[in-house]
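If you read the sequences in order, they're chains A and B.
Quick note on this note's numbering: the first sequence kicks off at 67 and runs consecutively.
Quick note on this note's numbering: the second sequence kicks off at 121 and runs consecutively.
Among the clues, some could well be false.
[Said to hold, decoys possible] Which residues of chain B face chain A? A few of them, derived with a C-beta cut under 10 Å, are: (1) 167; (2) 218; (3) 265; (4) 275; (5) 369; (6) 378; (7) 379.
[Said to hold, decoys possible] Chain A side only, calculated, beta carbon under 8 Å to chain B, not exhaustive: (8) 129; (9) 175; (10) 240; (11) 247.
If you are wondering where the hints come from, they were derived from the structure by calculation, not from laboratory data.
Note that CB positions come from ideal geometry on N, CA and C, so glycine has one too.
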Amino acid sequence: MTLSRTPLLFAGGLLLLALGLWRVDASPARLLDGLGKLGWLVTLMWPPSPGGALRDLLEALAETVAMAFLGTLLAALVALPLCFLGAGNVIASTLLRFTVRRSYDGLRAVDSLVWALIFVSAVGMGPFAGILALALPDIGLLAKIFSEAIESADRRQVEGVRASGGSRLHAIRYGLVPQAAPVMLSQLLYTFESNTRSATILGVVGAGGIGLALGDRIRLNNWDEVAFIVLLILVTVAIIDWGSRRLRLRLIRA
Amino acid sequence: MALATADWAARSRARSLRALAGTLVFLAAIAVAGQVGQVDFGRLLAGLPMAADYIGRTLPVLRAETLGADIAEWFWGFDLWVGLLLDTILIGYTGTVLGGAAGLLLSFPAATTLAPRWAVELSRRVLEFARTVPTLVFALIFVYAFGLGPLAGVLAIALHSMGALGKLFAEVHENADLRTVDAVRATGGSWTQAMRYGVLPQSVPGVLSFGLLRFEINVREASVLGLVGAGGIGEELYLSVRQFEYPDISAILLLILATVMLIDQICTWLRHRILGVEALRVA
Numbered sequence: 067m068t069l070s071r072t073p074l075l076f077a078g079g080l081l082l083l084a085l086g087l088w089r090v091d092a093s094p095a096r097l098l099d100g101l102g103k104l105g106w107l108v109t110l111m112w113p114p115s116p117g118g119a120l121r122d123l124l125e126a127l128a129e130t131v132a133m134a135f136l137g138t139l140l141a142a143l144v145a146l147p148l149c150f151l152g153a154g155n156v157i158a159s160t161l162l163r164f165t166v167r168r169s170y171d172g173l174r175a176v177d178s179l180v181w182a183l184i185f186v187s188a189v190g191m192g193p194f195a196g197i198l199a200l201a202l203p204d205i206g207l208l209a210k211i212f213s214e215a216i217e218s219a220d221r222r223q224v225e226g227v228r229a230s231g232g233s234r235l236h237a238i239r240y241g242l243v244p245q246a247a248p249v250m251l252s253q254l255l256y257t258f259e260s261n262t263r264s265a266t267i268l269g270v271v272g273a274g275g276i277g278l279a280l281g282d283r284i285r286l287n288n289w290d291e292v293a294f295i296v297l298l299i300l301v302t303v304a305i306i307d308w309g310s311r312r313l314r315l316r317l318i319r320a
Numbered sequence: 121m122a123l124a125t126a127d128w129a130a131r132s133r134a135r136s137l138r139a140l141a142g143t144l145v146f147l148a149a150i151a152v153a154g155q156v157g158q159v160d161f162g163r164l165l166a167g168l169p170m171a172a173d174y175i176g177r178t179l180p181v182l183r184a185e186t187l188g189a190d191i192a193e194w195f196w197g198f199d200l201w202v203g204l205l206l207d208t209i210l211i212g213y214t215g216t217v218l219g220g221a222a223g224l225l226l227s228f229p230a231a232t233t234l235a236p237r238w239a240v241e242l243s244r245r246v247l248e249f250a251r252t253v254p255t256l257v258f259a260l261i262f263v264y265a266f267g268l269g270p271l272a273g274v275l276a277i278a279l280h281s282m283g284a285l286g287k288l289f290a291e292v293h294e295n296a297d298l299r300t301v302d303a304v305r306a307t308g309g310s311w312t313q314a315m316r317y318g319v320l321p322q323s324v325p326g327v328l329s330f331g332l333l334r335f336e337i338n339v340r341e342a343s344v345l346g347l348v349g350a351g352g353i354g355e356e357l358y359l360s361v362r363q364f365e366y367p368d369i370s371a372i373l374l375l376i377l378a379t380v381m382l383i384d385q386i387c388t389w390l391r392h393r394i395l396g397v398e399a400l401r402v403a
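Work the whole structure out from these sequences, hints included.
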């Protein structure tokens with residue numbers, strides 16, 4: 067049965083691909099024309115140059131990282147109390163837990179750039195809108211992962227605290243948190259890495275950081291500066307990834 | 121015994137010192153970030169009611185007696201938006217398939233167990249570059265080269281997906297059993313044939329599973345590409361935000377949300393089926 071269906075699925079997939087290519091008007095002539103233009107852009111990008119604004123760019127880069135850091139922190143502060151609502155061994159009601167988890171998913175379904183666009187419109191341009199836009203989808207993600215970390219914790223330690231006369235709060239603090247904390251912290255570092263990547267582009271819609279400079283340079287056709295900014299972003303992301311990986315390894319070993 | 125106790129005390133002192141140092145570094149980082157990010161507490165407090173007010177305005181007026189008509193008015197552009205969402209899904213799909221195909225081609229030379237060192241290094245660098253540059257940056261550049269419209273979006277998604285998927289596919293290939301590769305080579309097959317008949321059949325479930333995961337992400341990404349003019353529902357959302365059509369914003373957001381969740385559900389179901397089939401084959 068699987069055998070006869072596989073070619074059918076394959077053909078369906080190809081058909082959908084053809085439909086997609088037709089819908090986006092990917093004619094060979096247009097592709098060739100675009101590739102030619104792209105090649106020309108790449109020659110314009112060389113050599114990358116800061117355009118005399120190195121200091122401003124570095125400041126914008128620092129702002130990007132700061133946005134990612136504060137966004138992660140804000141998300142963690144909000145997600146921490148929320149995650150207990152989503153964990154099966156803290157809240158027993160299945161219906162409540164299901165509703166809570168669905169709303170976490172909902173926050174994640176919308177990209178941070180969309181939130182940035184909305185928050186820029188709501189609170190004005192600048193890094194503050196970016197921080198809010200980064201934090202909102204992460205609240206959903208972190209709350210969900212924190213809940214899972216808590217659920218996978220060993221029951222016996224919690225029961226041990228309860229049996230020796232601890233309150234419910236004591237059981238959470240001394241039974242659950244020590245087991246879940248390393249998982250949570252390493253997830254936080256992952257989120258910080260991913261937020262650094264997201265934060266680099268939020269400026270395109272006015273939410274602060276290096277993206278603002280990038281969008282400007284593209285609009286002004288300063289392609290050598292575009293190349294410089296992209297390289298700057300790549301280096302920053304690589305450094306953050308490296309540092310965060312080292313920290314994570316230490317956390318796991320500790 | 122006394123030595124052990126002293127040793128323990130010293131260690132616990134060192135540990136609390138480290139914790140203290142960690143906390144201090146963390147607090148300093150918050151202070152520096154707050155400074156650089158231009159966050160002051162007063163503005164934060166002033167901003168929160170503004171954000172809440174904005175969200176309040178996007179909520180439609182729904183009255184119990186005219187509920188149907190109110191909802192119809194809220195979703196006045198339903199047909200248009202659903203059409204754009206289908207476009208968005210198609211952009212995500214086309215980008216994923218193209219990027220997945222390119223990633224698959226590059227994943228064989230990027231697998232350390234299958235290719236010589238120089239090929240591994242070269243293809244890994246290419247993949248790394250493709251996945252580190254954000255999709256939106258590619259989209260901005262491609263909109264300039266290929267013109268406004270969904271083609272730029274598809275290519276941007278394809279290029280980024282190539283980088284992300286190529287790395288994951290290479291890791292799947294590295295887990296493949298090498299005896300089938302030796303068998304193909306021993307019967308006189310070329311390297312390409314060894315990859316096609318020796319490795320690919322083993323990697324198919326992993327490749328499909330990662331491809332589906334990427335498709336979920338790409339539908340989400342395709343929904344924002346419209347902000348820079350690269351097609352899909354994002355353009356309409358951008359317009360409604362810029363023109364302060366508040367109820368439209370919430371209507372479109374809800375539709376994006378429903379679409380993304382639906383795609384996630386379908387992909388999860390498909391992934392379980394693929395992995396289930398695999399489990400049956402192994403058993």
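query: Okay, which hints does this one fail, numbers in order?
result: The structure breaks hints 10, 11; every other hint is satisfied.
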